[in-house]
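**Student:** All chains should be built: construct the whole structure from the sequences, respecting the hints.
What follows is each chain in one-letter form.
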Amino acid sequence: MLVWQTSQTINFAQGEFVMLPAFFVLAAMRFGELSFAAALLVGLAVSVLVLGVLFKRVVVDPILRHGVLPLVISTLGLAIFFKEGVKEFYGAEAQGFPGVWPTTNVTLFGAVISAQSLVIIAAALVAIGLLQWFLGGTRTGRQMQATAQNPTLARVLGIPVERMILYTFLVNAALVALASFLVSPIYLAKFTNGELLGLAAFVAAIVGGFNQVRGAIVGGLLLGIVDNLVAAYWSSQYRAAFPLFLLIAVILWRPQGLLGRAEERTV
Amino acid sequence: MKAIWIIAASLLAFGAQAQQTVFMPIVIEVSGNGAVSGTNFRDGALMAIDEINAKGGILKRKINAPVSDTQSNAGISRAQVQKAIDGNPYVILGPVFSGSVKVNMQLAQQAEIPQIVGAEAAEITQMGNPYVFRTSFGQQMSMPKMAAFVANGMKAKTVAFLWVNNDYGKGGRDVFFKEMKERGIKVVADVSTESGQVDFAADIVKMKASNADVMFIYTNEEECARVLREARKQGVKQPIIGETNVISQKVIDLAGETAEGAKGHVGLTADAPIPAVQAFTDKFQKRYKYVPDHNGLKGYMGVYAVKYATEKLGKFDSKALAKSLHGMTITPAQEPGILIETTWDANGDVDRISFLVEVVKGRQKVVEILPKLGK
Numbered sequence: 378m379l380v381w382q383t384s385q386t387i388n389f390a391q392g393e394f395v396m397l398p399a400f401f402v403l404a405a406m407r408f409g410e411l412s413f414a415a416a417l418l419v420g421l422a423v424s425v426l427v428l429g430v431l432f433k434r435v436v437v438d439p440i441l442r443h444g445v446l447p448l449v450i451s452t453l454g455l456a457i458f459f460k461e462g463v464k465e466f467y468g469a470e471a472q473g474f475p476g477v478w479p480t481t482n483v484t485l486f487g488a489v490i491s492a493q494s495l496v497i498i499a500a501a502l503v504a505i506g507l508l509q510w511f512l513g514g515t516r517t518g519r520q521m522q523a524t525a526q527n528p529t530l531a532r533v534l535g536i537p538v539e540r541m542i543l544y545t546f547l548v549n550a551a552l553v554a555l556a557s558f559l560v561s562p563i564y565l566a567k568f569t570n571g572e573l574l575g576l577a578a579f580v581a582a583i584v585g586g587f588n589q590v591r592g593a594i595v596g597g598l599l600l601g602i603v604d605n606l607v608a609a610y611w612s613s614q615y616r617a618a619f620p621l622f623l624l625i626a627v628i629l630w631r632p633q634g635l636l637g638r639a640e641e642r643t644v
Numbered sequence: 004m005k006a007i008w009i010i011a012a013s014l015l016a017f018g019a020q021a022q023q024t025v026f027m028p029i030v031i032e033v034s035g036n037g038a039v040s041g042t043n044f045r046d047g048a049l050m051a052i053d054e055i056n057a058k059g060g061i062l063k064r065k066i067n068a069p070v071s072d073t074q075s076n077a078g079i080s081r082a083q084v085q086k087a088i089d090g091n092p093y094v095i096l097g098p099v100f101s102g103s104v105k106v107n108m109q110l111a112q113q114a115e116i117p118q119i120v121g122a123e124a125a126e127i128t129q130m131g132n133p134y135v136f137r138t139s140f141g142q143q144m145s146m147p148k149m150a151a152f153v154a155n156g157m158k159a160k161t162v163a164f165l166w167v168n169n170d171y172g173k174g175g176r177d178v179f180f181k182e183m184k185e186r187g188i189k190v191v192a193d194v195s196t197e198s199g200q201v202d203f204a205a206d207i208v209k210m211k212a213s214n215a216d217v218m219f220i221y222t223n224e225e226e227c228a229r230v231l232r233e234a235r236k237q238g239v240k241q242p243i244i245g246e247t248n249v250i251s252q253k254v255i256d257l258a259g260e261t262a263e264g265a266k267g268h269v270g271l272t273a274d275a276p277i278p279a280v281q282a283f284t285d286k287f288q289k290r291y292k293y294v295p296d297h298n299g300l301k302g303y304m305g306v307y308a309v310k311y312a313t314e315k316l317g318k319f320d321s322k323a324l325a326k327s328l329h330g331m332t333i334t335p336a337q338e339p340g341i342l343i344e345t346t347w348d349a350n351g352d353v354d355r356i357s358f359l360v361e362v363v364k365g366r367q368k369v370v371e372i373l374p375k376l377g378k
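Residue numbers (the numbering used here), protein chains in the order written: chain A, 378 to 644; chain B, 4 to 378.
None of these hints come from the bench; they were simulated from the model.
All residues carry an ideal CB built from backbone N, CA and C; glycine is no exception.
Some hints could be false.
Stated by the list, open to error - Short derived list, chain B residues pointing at chain A, Cβ under 7 Å: (1) V194; (2) S195; (3) V201; (4) A204; (5) V208; (6) G238; (7) P242; (8) L257.
**Tutor:** Below you can see the structure in the form of structure tokens.
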């Protein structure tokens, strides 16, 4: 979302970006013989370097000048490269990934809630809060927003647009690493995980509104709840279909997404 | 002229070399959702092949067993089996996935090549194919044993059943439901899941809400591990049981402590209290640095079955091999590589002892050894 707004980059390898950091951590533990905590830091650093700096410098910068479509195709190729690379390097089997929190449960008002789920929710809320504060409450964040809204005017006002775009890629890389560390203990680390996560993320972003961060959050929550309610109380066979019905409905009746802003372009 | 003689000599030498091997391609799931099962089967088979080749091969011919990946995809498996048949094989080893075997076994049948598979779907051996041979129990053999355990061992009156929506899962579900009906046990939750599914939160909610006495998990290894992790997350109190996969070593490794206490029936286990099986497990672990599951044993024993039957025939004749395997019993005294006495019936189904196990401290603990059905 951020990357799209600031650089018009549609990244079809976003799911693979979430899959990859878990393998950086596992590789650091296996080959570097590091502790889990140290491996998490290494995984975060490598993610920021590979999925942030290198992605922008090696893939986005040289290709984006040829238009959005070549970049879309490039990110599709990148997704295949990451997937097959992990399969070749680490194996096709799912790998266990240690949890950042033990698998204990707490009982709240008679409901059993896993401590792991609470940690995930808390981490997500903190990440969203920090991101909102960074974007709205800091000078750099406001410059990034200005770059997203109108790069030409931002450049006229003296904002280092290129650097702001790079920051956006770094923030994106750090966020996908966090998502990877939180989700892998439950989903297990596997080279195919990106397919599912990438699709879910795109559907959520379109349903919520592609040009609003809060839209993506609402879209993600809505889809997660609908998916689970349908599977638990109606039909587990049709669970995968419902988010897509929702997607079709949104595209038909509110193409900008539930919280998105309608945009007009001169063609 | 000299060059022509050199080429001719090389071709003759190559021909002589080719004559000294027997072609037994392994068509197996090396990637995709069946990678856990397939790699175990492949590694077990390759270990047996290396042992046999080190001792001079079968009837003095070494085994040539290239591995091709079905990617856990039935269509690709069919193409790979066709490719294997084009190479004029003696026997085809694999695949493990029932859905793949169902679409490629006709090719081996038409070519009259015996196919040693790891698949368990009941209908595979009920389609009148005289060239398909299992290496483990079919569901029609294993599910009655599991149903008896649910009724007598667990004393359950209700059961919640989670299954994977593919040929393996559907076949198991059909046999299990029939067995439950015959025993008067009510299936209070019938939860269908997808192969490769990663999120089982809603499925476990549904099973928990059913208040069943036991939860029966019948899906592939990786999904089993995710189910066990989710069940722990939701504080499931009911016993979790299953047939083979949910208590397999790979699932235990992936699920970690959440697999503790899971129970079930396995046709084969690397932790069987049988010295030959334990020796196999040690060798396997030393070579591959992981504990094999039942599929590792299947691949290993399948190759030794071919070796024994061929040596008994005294010649390489695919058609005669298929004929001789029907009704054959191989004991460890006759062929040590078979590890456990095994009988193939007229349909290609196997019969051997089996095990009730429980996961204790990260390993399968055999609770009871069940006799062969034919005894």
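**Student:** Look at each hint and say if it fits the structure.
**Tutor:** Hint check:
Taken as an interface hint, V194 (chain B) checks out: its beta carbon lies about 6 Å from the nearest beta carbon of chain A, inside 7 Å. Nearest Cβ of chain A to the Cβ of S195 (chain B): about 5 Å, under the 7 Å cut. The hint holds. For the restraint placing V201 (chain B) at the interface with chain A, the shortest Cβ-Cβ distance is roughly 4 Å, inside the 7 Å limit, so the hint holds. Annotation: A204 (chain B) was flagged as interfacial toward chain A, and the flag holds, the nearest CB pair being 6 Å apart, inside 7 Å.
Given hint, V208 (chain B) at the interface with chain A, holds; its Cβ is 4 Å from that chain's nearest Cβ, closer than 7 Å. Because the closest C-beta pair between G238 (chain B) and chain A is about 4 Å apart, less than 7 Å, the hint holds. Because the closest C-beta pair between P242 (chain B) and chain A is about 17 Å apart, greater than 7 Å, the hint is violated. For L257 (chain B), the suggested interface contact is upheld, since its CB lies about 5 Å from the closest CB of chain A, less than 7 Å.
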